[in-house]
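> For reference, the chains in residue letters:
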Amino acid sequence: MVSEFGVRVVIILALAGSAYGAELEGVELEDRVEVDGQALELNGIALRTRLFFKVYVAGLYLPQKASSAERAIESGGAKRIVLVMMRDASAEQFCDSLDVGMEANNSEEEIGRVKPQVEALFAKIRVIGEAQKGARIVLDYSPSADATTLFVNGVPQGEPMPGGDFFRALLRIWLGERPAQADLKRMLLGQSEEGKE
Amino acid sequence: MTILNQPPARKLVSPLNRGAAVLLAICAFAASGAEVAGVRLEDKTQVESKELVLNGAGLRKRVVFNVYVIGLYLPERKSDPAAVLELAGPKRAAIHMLRDVGAEQFTDALIDGLRENHSEADYKALEPRVKELAGIFAEIKEAKKGMAITLDWTGSATQLTANGKPAGKPIAGEDFYRALLRIWIGDRPVQNDLKKSLLGA
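In order, the protein sequence lines correspond to chains A and B. All residue numbers for the first sequence refer to the working numbering, where the first residue is 2 and numbers rise by one. All residue numbers for the second sequence refer to the working numbering, where the first residue is 24 and numbers rise by one.
These are computed hints drawn from the structure, not numbers from a lab. Among these hints, one or two may not hold up.
Unchecked claim - Counterexamples of contact, computed for chain B against chain A with all Cβ distances above 12 Å:
#1 H141
#2 G178
#3 L183
#4 G223
Said to hold, decoys possible - List of simulated lysine-lysine pairs, DSS-like, C-alpha gap at most 30 Å:
#5 K134/A x K66/A
#6 K164/B x K134/A
#7 K116/A x K218/B
#8 K168/B x K55/A
#9 K55/A x K154/B
#10 K55/A x K167/B
#11 K168/B x K125/A
#12 K73/B x K101/B
#13 K116/A x K219/B
#14 K192/B x K55/A
#15 K168/B x K134/A
#16 K192/B x K154/B
#17 K125/A x K84/B
#18 K167/B x K134/A
#19 K116/A x K84/B
#20 K116/A x K167/B
#21 K84/B x K167/B
#22 K168/B x K192/B
#23 K84/B x K55/A
#24 K125/A x K167/B
Predicted model only: the values in this text are computed from it and were never measured. Each residue gets a CB set at the ideal place from its N, CA and C atoms; glycine is no exception.
Chain B on its own, in the form it takes in the complex (with noise of 0.2 Å):
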């Protein structure tokens, strides 16, 4: 439920009428997904056969502009953040391009995100395989408005896709995966109230 109580950004994908929309979330939330600025998100996935739930999803957004909508997947639905961290299984953190990015600027934001979440020392030792994804990112060139990507945790490695296909080589270490998780649920996410979305508060 509590996944319906967010801001503007989320409503009902159906244009039904104010009460039958509370009955349908009273009745059958389960089945009925979520909308976050007009973009649809599944509330199943799957990642390697293994069935992931919705935990929360929210709108990344700047000062002005709306940047991406972002859904977190897991195998069980956890509140708080170091749970999330430490369950084990495939998890997705599920994206959808609401502007033009260029491969070097969210590369810049990744790396921003990454260095405010982690020691230069614990950021160290994550370089070799920032620049792995940074690598994948510019043959991407640029995430295009409307392009869904998914950064996946498989329960072996970390893999990109882009618009369903996967893109560029499996990246090792649960503890790369766990550090991109950080960019949006660690200490100092990127967005706070994105950050409560995604742990469905």
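So here's chain A without its partners, still in its complex pose (with noise of 0.2 Å):
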């Protein structure tokens, strides 16, 4: 199955040569997803790096391709921002990076709003106590329970986090008016790869 997609996907990019493909730094996402019984596609597929080191390959995905922040975040349906980590990073570094790409990207009014779930999602974080090289992390909004779910390999972690405003606020760390990086915004967004090279 692994092998055949990866077939599929090295013939889509020949073919295609765009940001189409689910292959990045050796890290394969699915082309299309399951969220809350909607059909969701890969939008955009990205490498997180920090200074010289490779952080995670980010993928997101959404009902409809958006190649503008504006309607990825503000469209609305089922999303999924999923994580792959190339390397160890502790709970705290990762809270850490979540809190100030929150920050940066949210209005103070924004944050009002969502911090008991910044806080809810960071206790989960703490819990697993490490992303390990390797871990998927994948948060998932479901507007059925109008809610997100943080999985790390699969599996859920604990209550989902309520609110359409959550995971807004989420998303803006990515493709947000300051991004942690703005490459990997443009990316995310399938808007061509200038700037990896």
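Each of the two chains sits in its own frame; use the hints to bring them together as a complex.
This is the structure in structure tokens:
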């Protein structure tokens, strides 16, 4: 299945030569997933680096492709963020960078609305203790529950965190006005690979 | 007095009961200093033999994490940001770290704060000196939890200290020091309530 998938990706890449593929740095992401009974498409795949280190490969799934951040953040429906770790990150490091990105990309009012959910997310991450190399961290927004569920390697971590506001605030970490990494934002929005070379 | 009317982070150091604490605040504020998030700030300090008073102090908090406590010391107290920037004489921004922050992250935050409060042209004029400061942070490597960092205007240059020792060479130009202060008390401060606290509001 995996190799067949891999071959298909290579063929797609060869034919299309676009950001349509689902393999980056040896990490494979599916073209399509289902969240809350809704079919989602891989909108973009990107590598997060810090100094000279590869931190994670990120993927964004949406019901319909979006090339603008506003559409990706504000459009309705189920959504998924997936992070595949390229190195170990302690819970503190991981939470710290989420804290930085969340604050930089959300207004004080927005932060005020979602702070309990941020605290809940950090508590879940601390329970896991470490995001180990290879771990698949998934954040799914389900419209039917109006809540975000954290999965690590496919296992749901505790109670979902309520509210569409919270998922939008999370998305802004990567897609906001002051994203963690500008080329990562472009890649997640499928806006070509320039700046990656 | 206004400095005592701050949100939860600030309380008197002394474990006296409430009535006594209020009395102490009324009678002896000048000698009591302030405490923010468990960090004690002297209400007076000296830079280049000049006595400075604590203008205000507050907690830098992102979403969940407390990052540092900062106190602003001036030759005399001022509540208006323009008046603070125009005030002649030495100044000190005293930072007490509550978390480890890597040099890169510290520098990123600094640059963000400068860009937020300056036009592109003004930032360009500051950039060589921002790089000098970034170089000093890079040598410190990490602002460790518990570390005391000060940004001083000595009257003739900006001097960084780490745990009481001068770090790096002085950086020229009062425009640069004013630019640094705008990170906290400019039109687009890093944190609104922190700006108010530093201005003693």
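> When you check the alpha-carbon spacing of K84/B and K55/A, does it fall within 30 Å?
Given pair K84/B, K55/A holds - Cα atoms ~28 Å apart, limit 30 Å.
> Tell me if the straight-line CA distance from K164/B to K134/A falls inside 30 Å.
holds, 25 Å
> Tell me if the straight-line CA distance from K168/B to K192/B falls inside 30 Å.
holds, 24 Å
> Between K116/A and K219/B, does the CA-CA distance stay at or below 30 Å?
It holds: about 22 Å lies between the C-alpha atoms, which stays within 30 Å.
> Would the pair K55/A and K167/B pass a check requiring their Cα atoms to be no farther apart than 30 Å?
Judged against 30 Å, a Cα distance of about 24 Å means the pair holds.
> Hint check: K134/A vs K66/A, CA-CA at most 30 Å. Holds or violated?
The hint holds at about 29 Å.
> Starting from K116/A, check that the Cα of K167/B is at most 30 Å away, please.
This hinted pair holds, its Cα atoms lying about 26 Å apart.
> Between the alpha carbons of K192/B and K154/B, is the straight-line distance 30 Å or under?
Given pair K192/B, K154/B holds - Cα atoms ~12 Å apart, limit 30 Å.
> Is K167/B close enough to K134/A, meaning Cα to Cα at most 30 Å?
OK: K167/B and K134/A at ~26 Å, within 30 Å.
> Tell me if the straight-line CA distance from K125/A to K167/B falls inside 30 Å.
holds, 25 Å
> Taking 12 Å as the cut and beta carbons as the points, is L183/B off the interface with chain A?
Holds, because the least Cβ-Cβ distance between L183/B and chain A comes to about 22 Å, which exceeds 12 Å.
> Keeping to a limit of 30 Å between CA atoms, is the pair of K84/B and K167/B held or broken?
Within the cut-off at roughly 16 Å; holds.
In terms of the numbered hints stated before, the structure departs from hint 14 and from no other.
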